[in-house]
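> Protein sequence lines correspond, in order, to chains A and B.
Terminal number for the first sequence in my numbering: 787, no gaps in between.
Terminal number for the second sequence in my numbering: 787, no gaps in between.
These are computed hints drawn from the structure, not numbers from a lab.
If chains are identical, the list can't say which one is meant, so a pair holds when it fits in one copy or spans any two.
Straight-line C-alpha distance at most 30 Å; calculated DSBU-like pairs for lysine-lysine: (1) Lys527 x Lys627; (2) Lys458 x Lys657; (3) Lys496 x Lys613; (4) Lys627 x Lys719; (5) Lys527 x Lys496; (6) Lys627 x Lys521; (7) Lys719 x Lys657; (8) Lys458 x Lys627; (9) Lys627 x Lys612; (10) Lys627 x Lys657; (11) Lys521 x Lys458; (12) Lys527 x Lys458; (13) Lys627 x Lys613.
Predicted model only: the values in this text are computed from it and were never measured.
Chain residues, written in single-letter form:
Number of protein chains: 2
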Amino acid sequence: MRPTQAVGSTGSRSPCRSCDLTLPLQCGNDVTQPSAMVALGKLRRERVLLAEYEAQVKGERVLQAWFTAETLECPLLTLRYHLKEVEEGAQALLLGASLASTACSRPPSLPPLYSAWVACCSLRQPWLWGSFSCLSRNGKLYDELKYLLPLGKQVGMYCRLYRTVERFRRAELLGAAKPGGEFLIRFARVEPPAKKCAFSVTKDGTPVKVQRTLFSESYYTLAMNERWRVTEETRYQNEAVEMLDRIVYWVRVDSSELSWTRFSRTHKAEDLAVPTMLLHLVDQLQEEDEEMSKKYAELEDWGVQRILKHLQAIEAGRYLLQDAQREGDTQLRDQVIDKFLLLPFHSGWDAEHGGFYSFRDVDNWVPHRVEWSARLWWPHCEVMVAFLMGYSETGDPALLKIFIQVSEYSFRQFRDLVYREWYGYLIEDGRVGLSIKGGLYKGCYYNPQCMAMCEQILGALLQRTEDSK
Amino acid sequence: MRPTQAVGSTGSRSPCRSCDLTLPLQCGNDVTQPSAMVALGKLRRERVLLAEYEAQVKGERVLQAWFTAETLECPLLTLRYHLKEVEEGAQALLLGASLASTACSRPPSLPPLYSAWVACCSLRQPWLWGSFSCLSRNGKLYDELKYLLPLGKQVGMYCRLYRTVERFRRAELLGAAKPGGEFLIRFARVEPPAKKCAFSVTKDGTPVKVQRTLFSESYYTLAMNERWRVTEETRYQNEAVEMLDRIVYWVRVDSSELSWTRFSRTHKAEDLAVPTMLLHLVDQLQEEDEEMSKKYAELEDWGVQRILKHLQAIEAGRYLLQDAQREGDTQLRDQVIDKFLLLPFHSGWDAEHGGFYSFRDVDNWVPHRVEWSARLWWPHCEVMVAFLMGYSETGDPALLKIFIQVSEYSFRQFRDLVYREWYGYLIEDGRVGLSIKGGLYKGCYYNPQCMAMCEQILGALLQRTEDSK
Numbered sequence: 319m320r321p322t323q324a325v326g327s328t329g330s331r332s333p334c335r336s337c338d339l340t341l342p343l344q345c346g347n348d349v350t351q352p353s354a355m356v357a358l359g360k361l362r363r364e365r366v367l368l369a370e371y372e373a374q375v376k377g378e379r380v381l382q383a384w385f386t387a388e389t390l391e392c393p394l395l396t397l398r399y400h401l402k403e404v405e406e407g408a409q410a411l412l413l414g415a416s417l418a419s420t421a422c423s424r425p426p427s428l429p430p431l432y433s434a435w436v437a438c439c440s441l442r443q444p445w446l447w448g449s450f451s452c453l454s455r456n457g458k459l460y461d462e463l464k465y466l467l468p469l470g471k472q473v474g475m476y477c478r479l480y481r482t483v484e485r486f487r488r489a490e491l492l493g494a495a496k497p498g499g500e501f502l503i504r505f506a507r508v509e510p511p512a513k514k515c516a517f518s519v520t521k522d523g524t525p526v527k528v529q530r531t532l533f534s535e536s537y538y539t540l541a542m543n544e545r546w547r548v549t550e551e552t553r554y555q556n557e558a559v560e561m562l563d564r565i566v567y568w569v570r571v572d573s574s575e576l577s578w579t580r581f582s583r584t585h586k587a588e589d590l591a592v593p594t595m596l597l598h599l600v601d602q603l604q605e606e607d608e609e610m611s612k613k614y615a616e617l618e619d620w621g622v623q624r625i626l627k628h629l630q631a632i633e634a635g636r637y638l639l640q641d642a643q644r645e646g647d648t649q650l651r652d653q654v655i656d657k658f659l660l661l662p663f664h665s666g667w668d669a670e671h672g673g674f675y676s677f678r679d680v681d682n683w684v685p686h687r688v689e690w691s692a693r694l695w696w697p698h699c700e701v702m703v704a705f706l707m708g709y710s711e712t713g714d715p716a717l718l719k720i721f722i723q724v725s726e727y728s729f730r731q732f733r734d735l736v737y738r739e740w741y742g743y744l745i746e747d748g749r750v751g752l753s754i755k756g757g758l759y760k761g762c763y764y765n766p767q768c769m770a771m772c773e774q775i776l777g778a779l780l781q782r783t784e785d786s787k
Numbered sequence: 319m320r321p322t323q324a325v326g327s328t329g330s331r332s333p334c335r336s337c338d339l340t341l342p343l344q345c346g347n348d349v350t351q352p353s354a355m356v357a358l359g360k361l362r363r364e365r366v367l368l369a370e371y372e373a374q375v376k377g378e379r380v381l382q383a384w385f386t387a388e389t390l391e392c393p394l395l396t397l398r399y400h401l402k403e404v405e406e407g408a409q410a411l412l413l414g415a416s417l418a419s420t421a422c423s424r425p426p427s428l429p430p431l432y433s434a435w436v437a438c439c440s441l442r443q444p445w446l447w448g449s450f451s452c453l454s455r456n457g458k459l460y461d462e463l464k465y466l467l468p469l470g471k472q473v474g475m476y477c478r479l480y481r482t483v484e485r486f487r488r489a490e491l492l493g494a495a496k497p498g499g500e501f502l503i504r505f506a507r508v509e510p511p512a513k514k515c516a517f518s519v520t521k522d523g524t525p526v527k528v529q530r531t532l533f534s535e536s537y538y539t540l541a542m543n544e545r546w547r548v549t550e551e552t553r554y555q556n557e558a559v560e561m562l563d564r565i566v567y568w569v570r571v572d573s574s575e576l577s578w579t580r581f582s583r584t585h586k587a588e589d590l591a592v593p594t595m596l597l598h599l600v601d602q603l604q605e606e607d608e609e610m611s612k613k614y615a616e617l618e619d620w621g622v623q624r625i626l627k628h629l630q631a632i633e634a635g636r637y638l639l640q641d642a643q644r645e646g647d648t649q650l651r652d653q654v655i656d657k658f659l660l661l662p663f664h665s666g667w668d669a670e671h672g673g674f675y676s677f678r679d680v681d682n683w684v685p686h687r688v689e690w691s692a693r694l695w696w697p698h699c700e701v702m703v704a705f706l707m708g709y710s711e712t713g714d715p716a717l718l719k720i721f722i723q724v725s726e727y728s729f730r731q732f733r734d735l736v737y738r739e740w741y742g743y744l745i746e747d748g749r750v751g752l753s754i755k756g757g758l759y760k761g762c763y764y765n766p767q768c769m770a771m772c773e774q775i776l777g778a779l780l781q782r783t784e785d786s787k
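Construct all of the structure, not just a fragment, from the sequences and the given hints.
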């Protein structure tokens, strides 16, 4: 399994930083310095000279190679940690089996291999299922609770990569997603058959904390839909649809199961996260699925209208843009680019230090949150996707320029060049705030999603350029 | 009303920074630079030379003057904002009355004076009661919701200062506490007569958010007990006792009214904040009250035992120390100083930049919270009280040294020399993180409490010195 050799490779001046992973990877990518790409934004003109045209194509290739290298790094590093954890689990299981064998005369030794482990632990020892997400800078476990947001995201992302990116069609990735999915089905719900899920559970699945939100349930839905897409087992899709229908019921009919107090809507502020999440889930379920597209068409429209009532937000903008793209609605597209991409970029980007603030007050007061000036990895990921998507749709060089600006900042500041993967939380001046690689919210999701999407869009841009020759 | 002239005043080398308040204050305090006090910790020995002895007494006087100046600043500045708000409210009320007069033939003009306002709005216009707490750096209102934690704290603190500090026995302070207290009684509870209180309400008292905690209710109790102490109206004390009894019921019998899910105790981690808060309330109600001392003796013991099960925490240490002091329990006192004062000081103090981290992981992992390295004003206030109390109890110079070290940092970093009062939230290197003077949690509470307590302890230390002459 070799990544594509990047066109325009210039040798080893700046070798791919992914290659010291102890995984069967070989990589000859030329990952040149981000600064080489700054000029790109100026290049897309209606009429370009041949030299500029060539530079642009080369630039896009370099960008693509850059994102490709990163796509490889994130999920495979998480997988490595996951497999390590699985192997330790298998050893613990063997020890348990060995101890138990005197009583039940089962063969005491099983090879500590992944497949054997899956076969074995799918029957019993559910405490070995599902991943921990709290990994320190170098991958050490610092919290033995299991957090259902990153778990749902990880299960979904492993399946999606397996399904949509050829070089990730690996048995171990799919295998690692399976016990996580089963853990979710068995332990995510607090009081089954009621649908409300926990936020965190002990390693053997006892609920510890429940949030009054719908995000555990949302990523549960995403994981189940992806499990169905790779396995074609209908029980997964049933889980996804039933959960999404319940989420919609909470949002639009009766929220009492979430302990949302009935007066919470007396105040005129309305959460943007809820319709954004719903639009994300609708996108997920509708993908190449006519039945679901029909089923959730009205919900999709509802989500779009709800989001449009808000002033701005880039993450929501990305989903709206996807929606406009699917519908071929250029008016919505232009509105989204102005209001949900450019406006929040200009108000949220810190011109002095670079990077996005986590919170800005719409009237320019100081936000309530102490961590308002922290730089979080995931909005930067979402912004990269949104602006590259906007550029791809419109050809507007201003959008490409911002994409490159944000990419440069993100690759320079968030990457951990020693222990790999990305930091998630920086302080204002770009220094590391939390050195963790995984936590209550950060798992294997935003990075690989962003990298895979950017790589794909850049690939399509290159293809378009080739075709128009 | 003049503050005491500090003995040993050396003139105007470093004039008191409180004096430019537009309040009827005159101050001749010599507020020397904090660094002059560092040497103090070294001075308390079993046998001291006369010169050292005099230096120490002078040092304590300087320290006392320093805290006195600050005590004056915080509550009076908040009061000034409050009165400004009251006056604006009165003007709005007058306008309303004027408009209404055509219909009901009431006299249209009332003087915009505080007393008239209280008389008038206590009958109607409840949206004018209770203070807003969200004040920007220079006192401008940036959020029109009312937050019940800072409101309860402010009502309680105004009454306490009125009651216990002679120079605060001012009608306007007591007057400002009254409408706040009435607002709490009328609007804090979400569904009266049920006791659960909101976290935030609109300006006219409609609940907006309810937390699954007991802190709104705790500061409600504190405010009511203080209202009773200054007015002797039993309805306030009834409110306090009934609320505390309900809080105890939630904590020890049935928490379902807080929406604490029943499995939340399956995980072995237990919150330190709950027993600390309860011990604080027991202290409050027991103060010079034999009946309450008896009623809550068992709860006090329960709180102490619960806290002692935890590893460390300075805020809890302060309440334990008060408890040890009241009981004359020197064994508990020494245990508390080692485990709840010195241990957290050494693990929580940032030797490089100064100041306390907000969160530290007991196993030295990176804490979950993004804002873990922020410096918050209130723990610094609590630490000053705790260490000065410890020094006063033991005479150990190491404790005095830490008290001075923390005071120096706090006075240097948290004070806003331009718009007065204290910032609440700094980043790691001491720069301002949030410039607000009041917010969801910060109101008129920790600063004046700390200053008044330190001033009082320092005064007692000086008196002791005088007496032993």
